[in-house]
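There are 4 protein chains.
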Amino acid sequence: MGGNSFGTLFRITTWGESHGKALGVVIDGCPPQMKLSEEDIQKEMDKRRPGQGAGSSPRKERDRVEILSGIFEGKSTGTPISILVRNEDVDSTPYEEMRDLFRPGHADFTYQAKYGIRDHRGGGRASARETLGRVAAGAVAKRVLEQENIEIISYTAALGGIQIDTIDFGEIGKTRLRCPDHQAAVAMEKRIREVKRQGDTLGGIVEIVVRGCPPGLGEPVFDKLEADLAKALMSIGAVRGIEIGAGFKVAGMLGSECNDPIGQKGFEKNDAGGILGGISNGEDILLRVAVKPIPSIHLEQMTINAAFQPAKFRVEGRHDVSAIPRINVVCEAMVAIVLTDHLLRQKALERR
Amino acid sequence: MGGNSFGTLFRITTWGESHGKALGVVIDGCPPQMKLSEEDIQKEMDKRRPGQGAGSSPRKERDRVEILSGIFEGKSTGTPISILVRNEDVDSTPYEEMRDLFRPGHADFTYQAKYGIRDHRGGGRASARETLGRVAAGAVAKRVLEQENIEIISYTAALGGIQIDTIDFGEIGKTRLRCPDHQAAVAMEKRIREVKRQGDTLGGIVEIVVRGCPPGLGEPVFDKLEADLAKALMSIGAVRGIEIGAGFKVAGMLGSECNDPIGQKGFEKNDAGGILGGISNGEDILLRVAVKPIPSIHLEQMTINAAFQPAKFRVEGRHDVSAIPRINVVCEAMVAIVLTDHLLRQKALERR
Amino acid sequence: MGGNSFGTLFRITTWGESHGKALGVVIDGCPPQMKLSEEDIQKEMDKRRPGQGAGSSPRKERDRVEILSGIFEGKSTGTPISILVRNEDVDSTPYEEMRDLFRPGHADFTYQAKYGIRDHRGGGRASARETLGRVAAGAVAKRVLEQENIEIISYTAALGGIQIDTIDFGEIGKTRLRCPDHQAAVAMEKRIREVKRQGDTLGGIVEIVVRGCPPGLGEPVFDKLEADLAKALMSIGAVRGIEIGAGFKVAGMLGSECNDPIGQKGFEKNDAGGILGGISNGEDILLRVAVKPIPSIHLEQMTINAAFQPAKFRVEGRHDVSAIPRINVVCEAMVAIVLTDHLLRQKALERR
Amino acid sequence: MGGNSFGTLFRITTWGESHGKALGVVIDGCPPQMKLSEEDIQKEMDKRRPGQGAGSSPRKERDRVEILSGIFEGKSTGTPISILVRNEDVDSTPYEEMRDLFRPGHADFTYQAKYGIRDHRGGGRASARETLGRVAAGAVAKRVLEQENIEIISYTAALGGIQIDTIDFGEIGKTRLRCPDHQAAVAMEKRIREVKRQGDTLGGIVEIVVRGCPPGLGEPVFDKLEADLAKALMSIGAVRGIEIGAGFKVAGMLGSECNDPIGQKGFEKNDAGGILGGISNGEDILLRVAVKPIPSIHLEQMTINAAFQPAKFRVEGRHDVSAIPRINVVCEAMVAIVLTDHLLRQKALERR
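Residue numbers (my numbering), protein chains in the order written: chain L, 461 to 812; chain B, 461 to 812; chain G, 461 to 812; chain W, 461 to 812.
To be clear, the hints were calculated from the coordinates, so they are not data collected in a lab.
One or more hints might be untrue.
Put simply, identical chains are the same to the list, so a pair is met inside one copy or across any two.
[As the list claims (entries may be wrong)] Straight-line alpha carbon distances no greater than 30 Å define the calculated DSS-like cross-link-like pairs of lysine-lysine that follow:
1) K729 <-> K507
2) K495 <-> K650
3) K807 <-> K656
4) K656 <-> K709
5) K481 <-> K634
6) K656 <-> K535
7) K535 <-> K650
8) K729 <-> K495
9) K807 <-> K535
10) K725 <-> K507
11) K634 <-> K807
12) K535 <-> K481
13) K481 <-> K725
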């Protein structure tokens with residue numbers, strides 16, 4: 461159990477390195493008799509693809525998914541679903557000089573410290589390409605949730621210091637930035653172009669809303685719904701902070717402000733973010749994550765090499781200015797996986 | 461697996477309700493031949509005890525721990541350590557009227573929705589008393605970490621809107637608030653007394669520092685060290701937000717600001733919070749959690765009863781103004797448990 | 461995870477040493493709203509009690525169970541059920557000379573080799589008293605199965621070389637030997653008295669039948685129903701062999717003999733023992749286990765001490781001639797736990 | 461967790477159907493820095509290949525393994541090892557008539573009962589081809605064990621009613637039957653040819669010996685070494701009985717016969733089969749499994765179809781007479797996986 465699996469009843473295992481032969485995921489515990497096609501998965505994969513907007517990497521990742529098992533005549537059979545993406549368009553030459561360098565902000569040093577060996581090409585296992593498997597599994601999870609009318613929507617709440625002012629859900633799909641505020645989106649695009657010219661990168665904030673989640677999901681006391689969501693989201697490389705509901709604002713609130721009064725039509729506000737005592741309460745689940753700037757910048761940086769000697773270096777290659785557009789998709793995937801898992805766990809408890 | 465266990469190799473299982481016969485924890489996977497006494501555990505338990513300062517509950521929780529197994533002649537044997545705390549000083553009468561009420565901010569509604577039954581007395585399983593088992597297990601974990609010279613320190617960084625300005629580690633132990641800034645501590649105590657008179661409660665922020673953690677702990681990609689820490693901390697009832705290192709500040713940073721340069725003497729700053737790619741890098745691990753105000757306020761609140769009819773109620777009983785002092789201890793315990801688990805996982809990987 | 465937990469959704473964790481303060485079990489994942497009393501559990505505990513027949517130990521184990529959590533007003537709440545049995549009537553003096561001796565057939569040597577420390581009193585954690593927790597958890601599992609009309613019956617098929625010829629289920633409860641063949645039971649009792657006089661002990665065979673198990677339980681490919689049953693039964697200290705259905709007889713069969721033809725009323729015979737491809741098929745589940753003689757004999761034995769010097773010793777103390785009566789109860793408990801776990805896992809899969 | 465994973469620290473997940481696109485395995489937790497090539501794995505795969513002897517299926521399974529991840533420049537990196545085998549030479553036509561038939565002795569009926577859907581082609585997920593992934597993972601585990609000088613040898617102890625009389629380890633590799641008794645091997649081959657002509661199939665017994673296992677492996681009380689071995693072996697489709705050490709013979713033994721005396725040079729006999737109290741004692745580990753005849757016979761059989769109407773059918777296609785040769789290899793793989801897992805678990809416990 462080297463940490464590459466997630467989930468209890470709906471359990472995924474991802475594998476693969478950035479410049480290896482392929483990446484993929486095995487999903488164990490998908491309910492049977494569910495319609496599922498490669499296209500269902502490809503659609504999600506295409507959303508996480510870079511190279512489609514300002515500030516995005518020109519790497520042409522086709523990332524064609526292939527379902528190798530678990531589906532028979534268009535339906536899930538209850539057996540493991542194995543999904544494969546071959547690595548194409550891979551040129552490892554630019555990474556050759558990083559074989560013995562530890563790039564700041566990357567996992568080079570820590571993988572070396574942990575394992576005594578690492579695949580330095582493109583970050584190896586620590587590459588963002590690992591999330592291909594998560595997104596593929598998330599696509600399957602979303603199909604399960606659809607059957608229960610549970611919907612997950614993520615959007616960009618801040619990028620490069622620009623915050624959204626309004627939320628128009630209709631705007632989200634219009635740009636690759638997934639920004640629900642048109643004006644903010646324009647400013648974000650401008651900021652991206654600026655920073656791209658400087659060879660630098662940008663962080664931001666993603667918000668995720670879950671609609672239609674029934675009350676009862678989540679297993680106290682350690683597998684609280686928000687605890688599993690926090691783990692799922694914090695396991696995404698670039699995420700450095702997580703909030704549920706009112707988040708850090710609770711620190712300055714009074715109890716009388718923070719408690720959500722309960723009325724006959726449900727909760728009268730939602731500072732709890734849809735979860736009480738680790739169990740969903742039927743309101744929207746509200747999550748917020750802080751995303752750090754991509755560490756691969758085109759400016760010169762100081763570091764050390766494997767001989768512990770100082771070294772300067774500059775990332776060439778192709779890199780996005782911000783992970784935000786992709787991270788939206790990955791966040792949705794991880795939330796979908798957690799909810800599906802807890803949905804199945806809850807079904808096990810219910811009386812027939 | 462109803463969610464009451466945590467950890468992989470160092471695995472704890474807590475049990476017990478607020479007004480049941482007892483609460484406790486079973487620790488499976490504690491390394492053998494380690495000196496361990498009831499006193500080692502009692503010391504930590506006493507730190508989480510309420511009733512010792514301004515704004516704290518007068519409930520006299522003695523909470524005497526009893527070790528029932530796993531220790532022989534003062535040393536751990538490698539077999540499960542079972543720790544018991546009997547519930548004494550329990551008066552369930554004040555809760556009788558809440559049998560059919562769903563208190564705002566509490567888990568009453570969601571436990572009922574999930575299980576169709578609940579022990580309403582003192583919050584039942586959702587009570588903060590559940591953390592007794594966590595703190596006892598954390599005391600054991602701390603003993604394991606001590607042997608590796610790993611130390612965990614938590615302190616109160618904000619309470620009731622008052623932030624600390626300076627950090628003097630020597631101040632932390634001086635007050636029950638665990639505040640490292642003397643002046644802020646005075647202001648916090650004042651704020652607590654004020655709010656206590658109003659019958660209201662306060663939230664705050666706790667910061668946790670881990671010193672001496674060697675590089676190499678954490679298992680990518682899902683069991684990243686920060687992911688397991690996030691789950692551990694978010695599984696504490698009152699926690700609504702989590703940050704690692706620079707936390708939400710990364711959202712506004714440039715990559716060139718956020719990356720920690722690596723020099724010959726180590727990392728030149730620590731915005732990463734001691735973890736890169738899910739693996740500890742040898743620097744201090746820096747965590748920050750937002751704690752909501754205790755939902756049990758003495759003001760009248762609106763809610764509904766089990767018949768879905770509106771109801772007003774007011775909490776009588778005895779309650780703290782802020783969970784912050786206790787949560788410090790619980791946070792330390794959870795961090796200790798995660799680190800011990802990953803320490804053992806890392807040992808399994810190492811070459812002999 | 462020191463190996464003291466078993467199960468996935470219905471998960472038990474046992475703890476305690478033979479001469480420690482107490483032994484017990486925590487059950488996590490018990491379905492809510494199920495009637496359950498201490499008497500339900502005590503009844504099963506009393507069945508595993510020694511000291512009630514020929515060849516049994518005179519140790520007066522009262523073994524009063526106490527339920528500490530998870531039950532509210534007579535019903536399960538879905539939270540962990542903690543069950544405690546205090547050790548009484550414990551005299552560790554006879555074990556003092558074994559502190560540095562490795563008793564043949566016991567786990568003394570291997571615990572020392574593994575942990576570098578052991579509680580030598582009464583076998584410590586390796587004592588048959590550990591099964592108290594299993595039997596208590598099994599009693600809870602049986603209550604779950606009762607609701608689904610699943611019944612588990614075990615009986616003694618051989619003891620001290622005496623095989624049963626006939627199976628009369630009505631006979632089983634009549635004697636403590638749980639022998640379904642009256643004549644065989646008489647011969648077994650005679651054999652026990654004989655061997656008791658010699659200071660020796662006897663092995664035997666237990667068979668277990670599960671009636672009413674619906675088709676569909678078991679998770680291929682590793683968590684096959686028979687695989688989990690095999691693990692559960694082989695985890696009982698004295699068990700050295702396991703058969704499902706025709707068992708070792710299949711080795712000499714032709715395919716045409718071994719296959720169970722399927723007719724309109726179901727399977728026409730049951731050499732498969734109720735499981736095909738790891739999944740229950742609706743027929744009775746048939747299991748058979750070989751139980752070794754209790755290693756504590758009153759004859760002089762050769763061994764070595766902790767200094768690796770030869771030593772002779774003779775067990776004094778109080779010991780049964782055969783584990784068979786108790787092992788019946790433990791086998792039923794373990795089978796009940798496996799079935800309950802798989803029942804819950806199957807419920808998670810079913811369409812609502 | 462649909463049951464397709466096995467192991468705790470060395471954890472494998474197999475996937476794939478007999479007539480799907482591919483089959484494979486993901487291995488999580490392989491120690492880093494270990495030399496490993498596709499050839500290491502291919503060698504083991506070739507041993508389980510049918511079509512090489514009397515009574516074997518003519519299906520030309522090339523079964524070329526491809527390592528897709530986890531190996532960098534010839535060495536393991538500590539990240540998951542994904543291994544793929546494409547299905548070639550697949551003709552599903554002969555299975556078309558079995559789409560709605562439940563074949564006796566197969567899992568057709570139970571998969572349908574459990575999942576409400578199944579891939580009927582070649583047995584789908586219940587096919588013996590699933591063991592490809594096990595054998596590939598076993599090859600990796602064997603490399604880990606080699607470094608610790610632990611060796612696993614399996615051989616055929618009985619086939620079609622013919623028992624071995626002598627054990628000459630040099631004989632095992634000489635024939636595909638892996639029989640250590642030359643004369644018995646000749647008789648077995650004769651029996652196979654005879655039964656092949658009749659269109660029937662044969663069962664047998666496989667024995668497995670582990671040499672060089674150090675004391676200390678195994679985690680009491682549920683994850684006893686023999687319990688995990690029993691689960692591992694019973695999870696192989698055709699296995700119906702398991703013995704450790706003296707196995708079922710213990711039922712007729714006296715305690716004084718069964719106990720292995722301990723002398724200064726170790727245990728003086730090995731009826732315990734190398735495990736005491738769930739922990740290896742340093743002696744050879746001795747296991748024995750009963751293997752049922754392959755259920756696909758060429759004789760006419762009675763069954764029912766999906767409409768629960770009686771149906772006669774006769775398997776055409778290509779099938780082995782006995783699974784014994786392949787099962788040897790699969791048993792070795794499963795034993796290797798269990799030992800590797802427990803080796804890593806034990807390393808986590810050891811003092812540095």
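Taking the hints in turn, this is what the structure says about them:
For the identical chains of this complex, K729 and K507 are neighbours neither inside a copy (33 Å) nor across copies (35 Å), given an alpha-carbon limit of 30 Å. In the homo-oligomer, the alpha carbons of K495 and K650 never lie at most 30 Å apart, since the shortest distance is 42 Å inside one protomer and 50 Å across protomers. In this assembly of identical chains, the alpha carbons of K807 and K656 never lie at most 30 Å apart, being 49 Å within a copy and 43 Å across copies at closest. Taking identical chains as interchangeable, the C-alpha atoms of K656 and K709 lie at most 30 Å apart only when they sit on different chains, with a minimum of 20 Å there against 33 Å within one chain.
For the identical chains of this complex, K481 and K634 are neighbours neither inside a copy (34 Å) nor across copies (37 Å), given an alpha-carbon limit of 30 Å. In the homo-oligomer, the alpha carbons of K656 and K535 never lie at most 30 Å apart, since the shortest distance is 44 Å inside one protomer and 38 Å across protomers. Taking CA atoms no more than 30 Å apart as the test, K535 paired with K650 passes in neither setting, with 45 Å inside one copy and 46 Å between copies. For the identical chains of this complex, K729 and K495 are neighbours neither inside a copy (37 Å) nor across copies (37 Å), given an alpha-carbon limit of 30 Å.
Taking identical chains as interchangeable, the C-alpha atoms of K807 and K535 lie at most 30 Å apart whether they share a chain (21 Å) or sit on different chains (20 Å). In the homo-oligomer, the alpha carbons of K725 and K507 never lie at most 30 Å apart, since the shortest distance is 37 Å inside one protomer and 42 Å across protomers. Taking CA atoms no more than 30 Å apart as the test, K634 paired with K807 passes in neither setting, with 37 Å inside one copy and 41 Å between copies. In the homo-oligomer, the alpha carbons of K535 and K481 lie at most 30 Å apart both inside one protomer (28 Å) and across protomers (15 Å), since each shortest distance falls under that limit.
In this assembly of identical chains, the alpha carbons of K481 and K725 never lie at most 30 Å apart, being 54 Å within a copy and 37 Å across copies at closest.
Taken one by one, the earlier hints fail for this structure at numbers 1, 2, 3, 5, 6, 7, 8, 10, 11 and 13, listed in ascending order.
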